[in-house]
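Assemble the complex: chain A is given as a structure, and chain B must be docked to it using the hints.
2 protein chains.
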Amino acid sequence: MGEFELLDRIRGRLPQPGPRVLLGSGDDAAVTVPGGATATSVDSLVDGVHFRRQWSSPTQIGAKALAVALSDLAAMGAEPGEAYVVLGIPADLDEDGCLELLDGIAQVAEETGTTLAGGDVTRAPVVTLAVTVVGHAASPDDLVTRSGARPGDALVVTGKLGGAAGGLLVLEGCGGLRSYFQPHSGTNDDRMRSSIARQLEPRPRLEAGRALATAGATAMIDLSDGLGGDAGHIAAASGVGLRIEADALPLAPGLAELAEAARRDPLELAASGGEDYELLAALPEERLTDAVAAAENHGGLTRIGAVVAGEGVEIRLPGGELMEAKGFDQLGWSPPR
Amino acid sequence: MGEFELLDRIRGRLPQPGPRVLLGSGDDAAVTVPGGATATSVDSLVDGVHFRRQWSSPTQIGAKALAVALSDLAAMGAEPGEAYVVLGIPADLDEDGCLELLDGIAQVAEETGTTLAGGDVTRAPVVTLAVTVVGHAASPDDLVTRSGARPGDALVVTGKLGGAAGGLLVLEGCGGLRSYFQPHSGTNDDRMRSSIARQLEPRPRLEAGRALATAGATAMIDLSDGLGGDAGHIAAASGVGLRIEADALPLAPGLAELAEAARRDPLELAASGGEDYELLAALPEERLTDAVAAAENHGGLTRIGAVVAGEGVEIRLPGGELMEAKGFDQLGWSPPR
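Those protein sequences? They're chains A and B, same order as listed.
Just so we're on the same page, this note's numbering is the position in the first sequence counted from 1, plus 957.
Just so we're on the same page, this note's numbering is the position in the second sequence counted from 1, plus 957.
Pulled out of the complex, with its shape left as it was, chain A reads as follows (with noise of 0.2 Å):
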């Protein structure tokens, strides 16, 4: 099968373009007629470095090169609308894989109303994605930087911690783990299946991020490199400092359970795993209940500590102790997957 045939195929499957489109995949580019402003982000998946293939089916690895590039534009507060994909695709992929990949892409994309609008297939050496999503917002100053966090705000975070860090622990089967996944029996195992969902099967949250800005986030971002280190990029970029209390981080069901099998600390999982895309948010405390609501049905909302002056992210124990929680870096040499 050739690119041509491929992309064919590819388009035949997408769902139907938004009312932004004009023109979708097919011709040299898209043709979209945004209002208001636009926010634009690119991601990329590279097997071996973001996920292994003996791990995700193509379905899973598409799903996520999608969700991960939309957590992006719920870390704006923007509304999701077209995405372009570029597959590279090895020679062990064949075109039921690719196709596979492709409805993995198209069903994160039905979830969120998000248009596939254009891409690009190439032959590489491993499966490799690059995906570059645009929401939209009426306004400028409806979207929400990483800039605007002022000392006397709350810090809050979307949904639970550690589940992605926890299913990635199980996944390497690492400090005993691996005898004591038994699969298909009992509640054990479902803990871990949720977890392991959380590292393969991410979503962005997309309305708890619209929702927040809506009531008046200040500075938001995605938490895709760790608690620690993504609550550092707030802290530089405003100029601020962030305090969180470790006691108050919202665990993931079942992580303390997984984190003691695994001999390790719960917190630490939570506190500098990456990849729960869970959305970690500045606001001014008076509207902190108006958010609190606002969450409830998109995966709640937990103050975990507050902005203050000065600089840099402090994570403090129970004790008075300050935990270090360093973030994930992709272009470090021992990459934690």
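Misleading hints may appear alongside valid ones.
Said to hold, decoys possible - One-sided excerpt, in silico: chain A residues whose CB lies under 7 Å from chain B:
#1 D984
#2 A986
#3 V988
#4 P991
#5 T995
#6 A996
#7 R1080
#8 A1081
#9 P1082
#10 A1087
#11 L1100
#12 L1245
#13 V1249
#14 N1254
#15 M1280
Unchecked claim - Which residues of chain A face chain B? A few of them, derived with a C-beta cut under 7 Å, are:
#16 V978
#17 T989
#18 T997
#19 S998
#20 R1010
#21 M1033
#22 L1056
#23 G1075
#24 T1102
Source of the hints: derived by calculation from the structure; they are not laboratory data.
On a predicted model such as this, the values are computed, not experimentally measured, just so you know.
The C-beta atom is built at its ideal place from N, Cα and C for all residues, glycine as well.
The following block gives chain B in isolation, referenced to the frame of chain A:
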């Protein structure tokens, strides 16, 4: 060096953002305020598929990646706006290599008035680039798709054809050309250098594309995969036939000599070679004079045939015989590079 440090150093080298860009690289997403319509396209370059590192400097590779992406905007008649770049970095590309690659991208961005508004870096097995470009027009009607060609339209091409294919022949040392290639020694060498530059350092025909759009082009495409294949896209999208006169094709300077030395047909190189990144356009007969005048300072314009009722592409040799001109297919298992 880590991901964030590299991104910081990259950002320090970027040209100033354009007027539509409110927030560039460094947040979760770039924020822009487009007016009118946008044209968005994505393109990828993979080492061993689209280029070879032993032939191209990192600067040339980066420049080509942005240039070929912008070529799709040229083919829409769009004004270049923003670019978003994913860079996949293998272990043997060091920091200097990454920054040189970025310098190549920045150079073409500067030449064309494109803002590098965002990006992502990741580890990858080989040098991999995915470039998304966003172009602008006052209204969607100002953009030229592939689908508006009508029987009776004239068929024109910008610049000269076959230069990139000739350059590839020289680089591959094919058909005895290696011995013919004597660096730093006279005329033959100059011609080969110019062909090599066409292959390694293409530039998008942005001005010519806008001039053709203004002159009333009804359909347009850039010649990335070869005239025969790309003409076929216009024919299929417009539901028409294209008739091309082979002896009207504007051959690149020196192509005849290169082809002779390589025992290849220069017309075949011009019609099937690909990667010239010239524009093929259809336009009403009565607009031809205007279009030729408008393209005069942008590589010139040559009438090469006509649009007819029917389907498919015919390239007719002077004797009346038809020549076969197939496009280059990136997923074909024997790509010509």
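Do the numbers back the hint for A/L1245, that is, is its least Cβ distance to chain B under 7 Å? With Cβ-Cβ at 22 Å, over 7 Å, it is violated.
Regarding the hint that A/A996 lies at the interface with chain B, is the smallest CB-CB distance below 7 Å? holds (4 Å)
Using 7 Å as the Cβ threshold, decide whether A/S998 counts as touching chain B. holds (4 Å)
Checking hints one by one. Is A/P1082 an interface residue toward chain B, by the C-beta closer than 7 Å rule? Holds. Min distance 4 Å.
Let me know if the C-beta of A/V978 comes in closer than 7 Å to any C-beta of chain B, holds or violated. violated (10 Å)
Does A/V1249 pass the interface check with chain B, least Cβ-Cβ distance below 7 Å? Violated. Min distance 22 Å.
For the hint on A/A1087, does the least C-beta distance to chain B fall short of 7 Å? At 3 Å from the nearest chain B Cβ, A/A1087 passes the 7 Å test, so the hint holds.
Checking hints one by one. Is A/M1033 an interface residue toward chain B, by the C-beta closer than 7 Å rule? holds (5 Å)
At a threshold of 7 Å, is the proposed contact between A/G1075 and chain B supported by beta-carbon distances? holds (6 Å)
Is the hint on A/D984 kept, meaning its closest Cβ partner in chain B is under 7 Å away? For A/D984, the interface hint holds, since the closest Cβ of chain B sits about 5 Å away, which is under 7 Å.
With a cut-off of 7 Å, does the beta carbon of A/T995 approach a beta carbon of chain B closely enough for the hint to hold? holds (5 Å)
Is the interface hint satisfied for A/P991? The criterion is a beta-carbon contact with chain B at less than 7 Å. holds (5 Å)
Violated hints for the displayed structure, listed by number in ascending order: 12, 13, 14, 15, 16, 20, 22.
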